[in-house]
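Engineer: For chain Y, the structure is supplied; the task is to place chain R on it using the hints.
The listed protein sequences derive, respectively, from chains Y and R. My numbering puts the first sequence at residues 1 to 213. My numbering puts the second sequence at residues 1 to 473.
Treat each hint with caution, since some may be false.
Simulated restraints, written as ranges between beta carbons of each label pair [what the hints assert, rightly or not]: (1) R:Trp52 - Y:Ala116: 27 to 33 Å; (2) Y:Tyr109 - R:Val42: 58 to 64 Å; (3) R:Arg140 - Y:Gly91: 29 to 35 Å; (4) Y:Leu56 - R:Ala269: 43 to 49 Å; (5) R:Ser182 - Y:Arg78: 50 to 56 Å; (6) R:Tyr396 - Y:Leu41: 53 to 59 Å; (7) R:Glu176 - Y:Leu108: 25 to 31 Å; (8) R:Gly258 - Y:Arg112: 18 to 24 Å; (9) Y:Gly91 - R:Glu261: 38 to 44 Å; (10) R:Arg50 - Y:Glu87: 50 to 56 Å; (11) R:Gly258 - Y:Tyr109: 20 to 26 Å.
Anything over 10 Å on all C-beta distances counts as not near chain Y; from chain R, calculated [unchecked claim]: (12) Asn136; (13) Val391; (14) Ala393; (15) Arg395; (16) Ile411; (17) Asp429.
In short, the hints are calculated from the structure, not lab data. Beta carbons are placed, not taken as given, at the ideal position from N, Cα and C, and that holds for glycine.
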Amino acid sequence: MPNIADPILIVLLLTNFFILGTANLRASIRAVAVQGVLLSLLPLQVESHPTVRLFLLMGATMAIKGFVIPALLLKALRDVHIRHEVEPYLGFVPSLLLCAVSTALALLYSDRLPLAVGDRGTMYVPAALATVFAGFLVLTTRRKAISQVTGYLVLENGIYVFGLLLYQAMAVEIGVLLDLLVGIFVMGIVLNHIQREFSSLDTERLSRLREDR
Amino acid sequence: MILALIVVPLIGALVAFLAPNDRARPWVVAFAAAVHTTIVAVVIATGESRAWSDWLRLDALGRLVLIVVSLLFLACAVYCIGYLRIRAERPNRVFCTSLLMFAATTTIVVLAQHLTIMWVAMEGTTLATALLLYFNQNRRSLEATWKYLMIGSVGIALALLGTLFLAYAAIIGLGEPVLLFSVLVRRAPALSAPWLRAAFVFLFVGYGTKMGLAPMHTWKPDAYGEAPGVVGALLAGGLTSCAFLALLRSFAIVNAAGQGEFARHLLIAAGLVSMGTAAALMVGQRDFKRLLAYSSVEHMGILVLGIGIGGLATFGALLHIINNALTKAVLFLAAGNIHRAFNSKRIEDVTGAIRRLPVSGSLFLAGFFAITGSPPFGPFVSELMILIGAVNAHRYVVAGTYLVLLVVVFIGMGQTVLAVVQGNPPEDDSGYRESLLKTLPIAASLAIVVMLGVWIPAPLARMLREAAQLLGV
Chain Y
1 MPNIADPILI
11 VLLLTNFFIL
21 GTANLRASIR
31 AVAVQGVLLS
41 LLPLQVESHP
51 TVRLFLLMGA
61 TMAIKGFVIP
71 ALLLKALRDV
81 HIRHEVEPYL
91 GFVPSLLLCA
101 VSTALALLYS
111 DRLPLAVGDR
121 GTMYVPAALA
131 TVFAGFLVLT
141 TRRKAISQVT
151 GYLVLENGIY
161 VFGLLLYQAM
171 AVEIGVLLDL
181 LVGIFVMGIV
191 LNHIQREFSS
201 LDTERLSRLR
211 EDR
Chain R
1 MILALIVVPL
11 IGALVAFLAP
21 NDRARPWVVA
31 FAAAVHTTIV
41 AVVIATGESR
51 AWSDWLRLDA
61 LGRLVLIVVS
71 LLFLACAVYC
81 IGYLRIRAER
91 PNRVFCTSLL
101 MFAATTTIVV
111 LAQHLTIMWV
121 AMEGTTLATA
131 LLLYFNQNRR
141 SLEATWKYLM
151 IGSVGIALAL
161 LGTLFLAYAA
171 IIGLGEPVLL
181 FSVLVRRAPA
191 LSAPWLRAAF
201 VFLFVGYGTK
211 MGLAPMHTWK
221 PDAYGEAPGV
231 VGALLAGGLT
241 SCAFLALLRS
251 FAIVNAAGQG
261 EFARHLLIAA
271 GLVSMGTAAA
281 LMVGQRDFKR
291 LLAYSSVEHM
301 GILVLGIGIG
311 GLATFGALLH
321 IINNALTKAV
331 LFLAAGNIHR
341 AFNSKRIEDV
351 TGAIRRLPVS
361 GSLFLAGFFA
371 ITGSPPFGPF
381 VSELMILIGA
391 VNAHRYVVAG
401 TYLVLLVVVF
411 IGMGQTVLAV
421 VQGNPPEDDS
431 GYRESLLKTL
441 PIAASLAIVV
451 MLGVWIPAPL
461 ARMLREAAQL
471 LGV
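Chain Y on its own, in the form it takes in the complex:
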C-alpha cells in the first residue's frame, strides 16, 4: 500500500496554519472540518486488513469530526448573530510565526525521540506535537468562545494523530469518543446558555469574576 499518511499529515499541518492565519471564523470552522475528514483516512494506513473496527472508526471519525461538530459550531455561529471576525488577542503574524517555530521544533524534537520499528521515518509524532501546540495557540490567543472551541478541536486532532501510533491499544477510540462527547457536547450546552444569558459569545464579556483589587 502506498504511503498516504505523510501527505495527509502535511496537509494537516498546513490547515493548522490556515486556522491560525484566517480572520474568518466560518473559514476556520470549515478548516477544522477538513482536518476531521483528513484524520478519518489515516486509520487506513495503520491497519492493513479491512476489519469492522477499522470501518467503524473511519466512519465515526468522519461523521463526528468532519461533519457533526463543525455543523453544530456553524449553527451556533448563525444563531447568535455575532460578527464573523476572529478577534485574536495575539496578531495573526506573531501567531503564525509561533506556529512555524513550534512546527520546526516538533520536527527536531521528534527526531531525537526513539521510535518503534514500524514508526520510523513517519510524520506521526511531529505532526501530532505541532497540531497539539497549534490548537493550544488558538485556544489561548482567541477571544471568542467559538474560536476557543475550534482551538480545542485542533488540539484533540493532534492527540488523535498520536493515538494512531497506539492503534492496537484502542487509543484512537478513547480519544474520539470521550473527548468528543465531553469537550464538545458539554461545551455546546454551555455555549447555548452563554448565548441566552449574554446574547454574545465573546468570552471577553465573561469578566465579572476578575480580581478587582
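Structural biologist: Here is chain R on its own, set in the frame of chain Y:
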C-alpha cells in the same frame, strides 16, 4: 464488595433522577453516602483488594484517598439535606444526580489500576462537577462553569496525551502498550526514558490543572467562589485529592524507572510556585470564598512539594491529603452557612459571624487555625513532617521558603477571616437560623482533624507506610 462502591452511588443517582419529589432527593443522596462509607469501612477492615478484574483494585494509595472521598462525601451529603431545604426554590434533580455521579466517578478514579480507566473516570468527574457548579444558574455561575470546563478540558486532554506517551514508552520498552499501574511500576526500568519524561510532563500539567496548581489554577477562585459551599468542599477536598492520586501514580512509575530526580525538581518548583501565588493573592482578599480557593491552591502546592522532597515529607504529604480534605470541608461548609446568613461573601458586608452564627462562625475560625497549621490540628502535624523532611534532605532553601510562605498565608488569611468572624453583625437580619444538619457534619469533620493532630491510629499509620512504599520511599 468493592464493586458495590461504584454500583451503590450509581443506583442512588438513578433513584435520585427518577424521584419525583425535591424534598426526598437529598435523603437518597445521604442514604447512598452512608452505605458507601459503611462499605468502605468493611472493605478496609477485611483488607479486600481485588474487584472483578485487574483493572479495578484497591491498593494502599487507593485506600487512603477512598477514605477521604467517602468521609467527605458523607459529610457533604448530610449537609445537603439542610442546605437544599433552604434552597427549596431551586429544582435539585440535576444537582442530586450529579452529586452521586461525582461519588461514583471519584470512586472509579480511586480504584482504577488501568491508567486509561483512571483517565476516563477523571473525565467523568469533570462532567459531574460542571453540572454541580452551574447550580445557581446565573451569569456568574455560568462564567465560572465555562472557565472550569474550558481549562479542565484542556487539562484532561493533555493528561490523555501524557497517558498515550506512557503507552508508547511501554511499546518501545516492553513491546506492548501496557497501561496497568502495577505492571508499569514493576517493569518501569525497561520503559523508554525520553518518552517517559515527556509523558510525566504532560500528565503533570494535565492532572495539575485538575488539582489547581499554579499557574494552571485560574479556574479555581471563580469555581469555588460561585459554587455552593458544599460543591466547593467536594472540589477542594475530593476532586483535587483524586487528581493528586493520579499524579502520584504517574510519579510512582517515573520514580520506579529511575527518573525520580527529574520529577522531584518539577514537583518542588510547582509546589513553591503554587504556595507563592496563593500567598500573594490571599493577602488583602475581600471575598472569603475566593480566599478559600487560594488556600486550596496553596495546599495543593504543599502536597506536591511534600512528594517532591521525599522521605519523611512523603508521609507528611500523604497524611496531608486527609487533613486538607477534611479541613476544607469545615471551611467551605461553614463559609456556605455564613454566606447564606449574610447574603454576601465580601468582608464589607460580613462582620460578626460569630455573633450571628455562633456555631458556624466558631467552626470557621477553628478551620482557619487548622488549615494554617496551628496545633493541635492535623495539618500542623503533616506540615511539620514536610518541613522536617525538607531539612533532613538538606534542602534548606526550600524549607526556608516554605516556612516564610506559610507565615505569609497565616497573616493574609487571618486578616480576612478575623474580619468575617469578629465585630457586630449588620442590622438587617436575613432570618437564617443554624440547624443541626448544617453544623453537625462540620463539627464531625473538625473532630477528625483534631484527632489526627494528637493521635494517628495504628492502621492509618500502616496504610501511610504502605502507600509511601508504592511511591518508592
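Engineer: Asp429 (chain R) clear of chain Y by more than 10 Å, beta carbon to beta carbon?
Structural biologist: For Asp429 (chain R), whose nearest Cβ neighbour in chain Y is about 28 Å away, the distance exceeds 10 Å, so it holds.
Engineer: Given the range 38 to 44 Å, decide if the beta-carbon distance of Gly91 (chain Y) to Glu261 (chain R) lies inside it.
Structural biologist: About 41 Å separates the Cβ atoms of Gly91 (chain Y) and Glu261 (chain R), which means 38 to 44 Å holds.
Engineer: Classify the label on Arg395 (chain R) as holds or violated, using whether its beta-carbon is more than 10 Å from each beta-carbon of chain Y.
Structural biologist: With a cut-off of 10 Å, Arg395 (chain R) remains clear of chain Y, as the shortest Cβ separation is near 31 Å.
Engineer: State, for the Cβ atoms of Glu176 (chain R) and Leu108 (chain Y), whether the hinted interval 25 to 31 Å holds or is violated.
Structural biologist: This hint holds: roughly 29 Å between Cβ atoms.
Engineer: That 29 to 35 Å hint for Arg140 (chain R) and Gly91 (chain Y) (C-beta), does it hold up?
Structural biologist: holds, 32 Å
Engineer: So is Ile411 (chain R) really clear of chain Y, every C-beta pair being over 10 Å apart?
Structural biologist: holds, 17 Å
Engineer: Range first: 20 to 26 Å. Now tell me if the beta carbons of Gly258 (chain R) and Tyr109 (chain Y) are that far apart.
Structural biologist: Roughly 22 Å apart at Cβ, these two residues keep to the hinted range, so it holds.
Engineer: Against the range 50 to 56 Å, how does the distance between the Cβ atoms of Arg50 (chain R) and Glu87 (chain Y) compare: consistent or not?
Structural biologist: With Cβ atoms ~54 Å apart, the hint holds.
Engineer: Does the hinted range 18 to 24 Å hold for Gly258 (chain R) and Arg112 (chain Y) at CB?
Structural biologist: holds, 20 Å
Engineer: Quick one: work out the minimum CB distance from Val391 (chain R) to chain Y and report holds if it exceeds 10 Å, violated otherwise.
Structural biologist: holds, 35 Å
Engineer: Can the suggested window of 27 to 33 Å be confirmed for the beta-carbon pair Trp52 (chain R) and Ala116 (chain Y)?
Structural biologist: holds, 32 Å
Engineer: Do the Cβ positions of Tyr109 (chain Y) and Val42 (chain R) conform to the proposed distance bound of 58 to 64 Å?
Structural biologist: With Cβ atoms ~50 Å apart, the hint is violated.
Hint 2 alone, counting from the list given before, is not met by this structure.
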